[in-house]
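Trainee: The residues making up each chain are set out below.
2 protein chains.
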Amino acid sequence: MAERTFGQIPGYPEGTTFDSRAELSEAGVHRPLMAGISGNARDGADSIVLSGGYEDDKDLGDEIVYTGHGGRDPRTGVQVSDQALRGGNLALAKSSLEGLPVRVIRGSRHASPYSPESGYRYDGLYTVDDYWHDVGRSGFLIWRFRLLKVPTVPSAAERVGEGRADYSAAPRRETTVLRVVRDTRQAREIKALYDYRCQVCGTRLEGPAGPYAEAAHIRPLGAPHDGPDTPDNTLCLCPNHHALFDHGGLVIEEDLTMTGAEGRLTVHPRHRISNEHLRYRREHYRAPEEEPRPAARTTT
Amino acid sequence: MAERTFGQIPGYPEGTTFDSRAELSEAGVHRPLMAGISGNARDGADSIVLSGGYEDDKDLGDEIVYTGHGGRDPRTGVQVSDQALRGGNLALAKSSLEGLPVRVIRGSRHASPYSPESGYRYDGLYTVDDYWHDVGRSGFLIWRFRLLKVPTVPSAAERVGEGRADYSAAPRRETTVLRVVRDTRQAREIKALYDYRCQVCGTRLEGPAGPYAEAAHIRPLGAPHDGPDTPDNTLCLCPNHHALFDHGGLVIEEDLTMTGAEGRLTVHPRHRISNEHLRYRREHYRAPEEEPRPAARTTT
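Which chain is which? The protein sequence lines are A and B, in order. Residue 22 in the numbering used here sits at position 22 of the first sequence, with consecutive numbering throughout. Residues are numbered in the numbering used here as their position in the second sequence, beginning at 1, plus a constant of 300.
Keep in mind the hints are simulated off the structure, nothing from the lab. Heads up, some of the hints might be wrong.
[As the list claims (entries may be wrong)] Pulled from the structure, derived: some chain A residues nowhere near chain B, Cβ distances all over 12 Å:
(1) THR16
(2) ARG146
(3) ASP229
(4) VAL251
(5) LEU256
(6) HIS271
(7) ARG281
[What the hints assert, rightly or not] Covered stretches of chain B, going by a simulated chain A footprint (3 or more residues, C-beta under 8 Å):
(8) 420-433
(9) 506-516
(10) 532-544
(11) 566-580
Remember, predicted model here, so these are calculated numbers, not experimental data. Here a beta-carbon is modelled for each residue, glycine too, at the ideal position from N, C-alpha and C.
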């Protein structure tokens, strides 16, 4: 089985139509033949099909409130019990935690002005902006996921929020989707290597859908810094130390002691960090007035 | 002296031209008659004028690398000493910390294909995406600020990153600028009330340009939650507890004890928090399987 692909599938641009679920599966745009959500709790969800299954779905075009799966009578499709944060629902929550883009496919049976006349249409990439539970019209608990279309905007705009959580850096142009998704994968590998623990403080944030950490670039991507999106330029940080790092409140010295935090940066034996990139960050982000010092900048 | 206004000035849309600095000042689009940066370290910077002063400026239209001020001979304009993170430079860094939009005005003497033929032109709102120091062509230290144009995108897209740092929620449509800027002001008031300390853990993140905290909405803004942007629906959190809160890993109970963190939520005597909004958050974001429990979800 091929590795799960996040983002656009080469050769199938937004707007591509398909006659059947079999065609969608063959193309790799949505592999499962029956399930509406493609994915699992480990990888996250890579695609969903809107085919009018759930009475609680809302479709505003560039914003979709998608109802999770489960709790329905397989024969009648009527909601007969609560949904749980498991299976495809947990996969969508994981995509939100990791900032992964989800391919959205609309089917003709999906009750929405945005549905195709017939068959299925790939309608582009969405991020899972939020997820929560609600009591559906049926009276049973349902999980809901707010999906926001990844917009097409000028190139500079796609860098708004660069250096924040992966999902702030979600791809903003179709042409950059594959690059950005590849970036996200290597960022996820670094986070997994550290089991989502901050290399500075060891904090591991955990919610019902799993752990949350952020991948931080040492030498920033984008002009004029032009840092590479490679493991030796990537750290696994908690959001607090990521924010401090971005704003010059955390400096990693050559010996991996830190100004702005106590002790030494934790580095996994399989993670080589570039001294050159660390030096670039020190030379351009450390306040010039400041002397290296051990005192913690994070006061509690 | 009128309060500093962030965002678009009513009556002066993007593209408005002005004959002189005096006209710009009169309109309130850029108040100082001489200085290129309007603002101070407390409020942040609300506007800048690009008028070809600095040899190290870069102007790509929707992305500008702006050189800070200071260190130049007032008569010759030649860089004769290092710049410091003070004055207008510190104001721009503060705008980055707070996610404030900065009005950009280009003058005809600014050497760029985007400059007006004559006079000055208001060219819209930019966020301060990044700031760092460099050695300028003169050989002296200069501070640099990457400004990114606040893009015009579909309405749903402006909500990408909602609930993240203020600056991820920077306005994305001119029509929403004033609303969002008002939101940002009240969020900043809550953060100032707590002196940028997290109401959950007391952490205060501090970098060279000042403290950093995030305003979190208890009942989320936007459909279907439709929470209000009011102080009683806003918390001052560190990025870690903001991320936990968003992902259901931190639940605030009715008695202000917390599931996912130890102790009680800190509440300032002048900050009334709505129990109704807290209940909404619990009812829709707490994992239904989960029983309230004191154990911290943040493991260190």
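Trainee: Beyond 12 Å from every Cβ of chain B: is that where the Cβ of A:ARG146 lies?
Mentor: violated, 8 Å
Trainee: Once the closest CB in chain B is found, is it more than 12 Å from A:HIS271?
Mentor: holds, 21 Å
Trainee: At least three residues with a C-beta closer than 8 Å to a C-beta of chain A: is that true for the segment 506-516 of chain B?
Mentor: Coverage by chain A holds for the segment 506-516 of chain B (5 residues, Cβ < 8 Å).
Trainee: So is A:VAL251 really clear of chain B, every C-beta pair being over 12 Å apart?
Mentor: violated, 10 Å
Trainee: Confirm or reject: A:ASP229 is not an interface residue toward chain B, with every Cβ-Cβ distance exceeding 12 Å.
Mentor: At about 16 Å from chain B, A:ASP229 clears the 12 Å cut-off, so the statement holds.
Trainee: Closest CB-CB distance from A:THR16 to chain B, is it above 12 Å?
Mentor: holds, 21 Å
Trainee: Minimum C-beta separation from A:ARG281 to chain B exceeding 12 Å: can you confirm that?
Mentor: violated, 9 Å
Trainee: Using C-beta distances, would you say chain A covers the segment 566-580 of chain B, given that this needs three or more residues below 8 Å?
Mentor: Per the Cβ count (0), the hint is violated.
Trainee: Using a Cβ cutoff of 8 Å, are there at least 3 residues of the segment 532-544 of chain B near chain A, or does the coverage claim fail?
Mentor: holds (count 6)
Trainee: Establish whether the coverage given for the segment 420-433 of chain B by chain A is satisfied; the threshold is a Cβ-Cβ distance below 8 Å, and no fewer than three residues must meet it.
Mentor: Contact hint for the segment 420-433 of chain B vs chain A: holds, 5 residues under 8 Å.
Trainee: Could you check that no beta carbon of chain B comes within 12 Å of the beta carbon of A:LEU256?
Mentor: For A:LEU256, whose nearest Cβ neighbour in chain B is about 19 Å away, the distance exceeds 12 Å, so it holds.
Of the hints listed earlier, those the structure fails to meet are numbers 2, 4, 7 and 11, in rising order.
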